[in-house]
Amino acid sequence: AQSVTQLDSHVSVSEGTPVLLRCNYSSSYSPSLFWYVQHPNKGLQLLLKYTSAATLVKGINGFEAEFKKSETSFHLTKPSAHMSDAAEYFCVVRRMDSSYKLIFGSGTRLLVRP
Amino acid sequence: DGGITQSPKYLFRKEGQNVTLSCEQNLNHDAMYWYRQDPGQGLRLIYYSQIVNDFQKGDIAEGYSVSREKKESFPLTVTSAQKNPTAFYLCASSIEFGITYEQYFGPGTRLTVT
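Sequences listed follow chains D and Z, in order. Those letters in the first sequence? Residues 1 to 114, by my numbering. Those letters in the second sequence? Residues 1 to 114, by my numbering.
Hints are computed from structural coordinates only; laboratory data are not their basis. There could be a bad hint or two in this list.
[What the hints assert, rightly or not] Here are the computed lysine to aspartate or glutamate pairs in the EDC-like style, where the Cα-Cα straight-line distance is at most 16 Å:
(1) Z:LYS83 <-> Z:GLU62
(2) Z:LYS71 <-> Z:ASP54
(3) D:LYS101 <-> Z:GLU102
(4) D:LYS49 <-> D:GLU66
(5) Z:LYS71 <-> Z:GLU96
(6) D:LYS101 <-> Z:ASP59
(7) Z:LYS70 <-> Z:ASP54
(8) D:LYS42 <-> Z:ASP38
(9) D:LYS49 <-> Z:GLU102
(10) D:LYS42 <-> D:GLU15
(11) Z:LYS70 <-> Z:ASP30
(12) Z:LYS71 <-> Z:ASP38
(13) D:LYS101 <-> Z:GLU96
(14) D:LYS49 <-> D:GLU64
(15) Z:LYS83 <-> Z:ASP30
[Said to hold, decoys possible] Every beta carbon over 10 Å from chain D, so not counted as near; a handful from chain Z, in silico:
(16) ILE4
(17) PRO8
(18) THR20
(19) SER22
(20) GLU24
(21) ASN28
(22) ILE51
(23) ASP54
[Said to hold, decoys possible] Using C-beta positions, here's what the derived DEER-type ranges look like:
(24) Z:ASN84 <-> D:THR5: 20 to 26 Å
(25) D:ARG113 <-> Z:ASN53: 49 to 55 Å
(26) D:SER80 <-> Z:THR86: 35 to 41 Å
Glycine included, each C-beta is placed from N, C-alpha and C at the ideal position.
Turn these sequences into a full structure, and let the hints steer you where they fit.
Here is the structure:
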C-alpha cells in the first residue's frame, strides 16, 4: 500500500534562507509523487511532480524536489525563502491500483520570518 | 480564463439540513473529484467521476451524494446523515482519469453546520 509521511508539521525559516520540507513515501511500485501548496483558505496549487523521469524535479516559484529511491524520500527545497512562500505544503503519492487515488500527507506549515 | 469555480466560498447551515456545494469547470476535463479537508490533516477523497453520468465512492462517501449530468458540473450534496459535516471542501479535475494526469483544484467552500 502507498503512503506518505511528512516529517515536520511546522517549519520556520528566515526570509532569504534555504527551505527544506521533508517527505518520505512508501510504495511497492515506482511511485508518482507530487508537492502541492495551499495558501490560507485557498485551493491547492501543484508545485511539481515526479513520474519516473529525472530524479531532480524543478517546479514553480523556484522550488525543486529530489526523488531518492534508496532513502524513499522526496524532499522539497528552495534556495532562498520569500515571504510569499508562507503556506501549507502537501506531499502526495498516487495509488498504483486502478483507482489512481491521491494519498495526501498531513501537511507542513511553512512560516517565513522577516 | 479557464479554471474551476466553487460557490459559495462560505456556507452556513443548521444541523439536519441537506446542503449542495457547487463545482464548475471550463477546462474540458473528463474527470472530477471531491475532497474534504479538516484542520491539521491532508485531503480525503469523498467521490470521483471519471466521465459524465458515472461516479464512484471515495474513502469517506458516507453521508454524501453527487451527480454528474454535465461534463462541466459535479455538485456535492452533504446530507443530514453526515455526522460531522463542518469542513473545508475542495473540488478538483483532471484531463482524464489515469496515472499520468495531474489534478487541478478549485478555491474551496468552507461549510459550517451548527
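Results for each hint:
1. Z:LYS83 <-> Z:GLU62: Holds: LYS83 (chain Z) and GLU62 (chain Z) sit about 9 Å apart, inside 16 Å.
2. Z:LYS71 <-> Z:ASP54: holds (10 Å)
3. D:LYS101 <-> Z:GLU102: holds (11 Å)
4. D:LYS49 <-> D:GLU66: Holds: LYS49 (chain D) and GLU66 (chain D) sit about 10 Å apart, inside 16 Å.
5. Z:LYS71 <-> Z:GLU96: With a Cα-Cα distance of about 12 Å, the restraint between LYS71 (chain Z) and GLU96 (chain Z) holds, given a limit of 16 Å.
6. D:LYS101 <-> Z:ASP59: Satisfied, since the Cα-Cα distance of roughly 10 Å is no more than 16 Å.
7. Z:LYS70 <-> Z:ASP54: OK: LYS70 (chain Z) and ASP54 (chain Z) at ~10 Å, within 16 Å.
8. D:LYS42 <-> Z:ASP38: holds (14 Å)
9. D:LYS49 <-> Z:GLU102: The given pair, whose Cα atoms are some 8 Å apart, holds under the 16 Å limit.
10. D:LYS42 <-> D:GLU15: violated (23 Å)
11. Z:LYS70 <-> Z:ASP30: holds (10 Å)
12. Z:LYS71 <-> Z:ASP38: violated (28 Å)
13. D:LYS101 <-> Z:GLU96: Distance of about 13 Å is within 16 Å: holds.
14. D:LYS49 <-> D:GLU64: holds (10 Å)
15. Z:LYS83 <-> Z:ASP30: Answer violated: LYS83 (chain Z) to ASP30 (chain Z) is near 31 Å, above 16 Å.
16. ILE4: violated (8 Å)
17. PRO8: About 13 Å separates PRO8 (chain Z) from the closest Cβ of chain D, which puts it past 10 Å; holds.
18. THR20: THR20 (chain Z) is indeed farther than 10 Å from all Cβ atoms of chain D, at 19 Å.
19. SER22: holds (14 Å)
20. GLU24: holds (14 Å)
21. ASN28: holds (18 Å)
22. ILE51: Holds, since 14 Å exceeds 10 Å.
23. ASP54: holds (14 Å)
24. Z:ASN84 <-> D:THR5: 20 to 26 Å: Given about 25 Å between the Cβ atoms, the range holds.
25. D:ARG113 <-> Z:ASN53: 49 to 55 Å: holds (51 Å)
26. D:SER80 <-> Z:THR86: 35 to 41 Å: holds (38 Å)
Figure legend: structure checked against the earlier numbered hints; hints not met, in rising order: 10, 12, 15 and 16.
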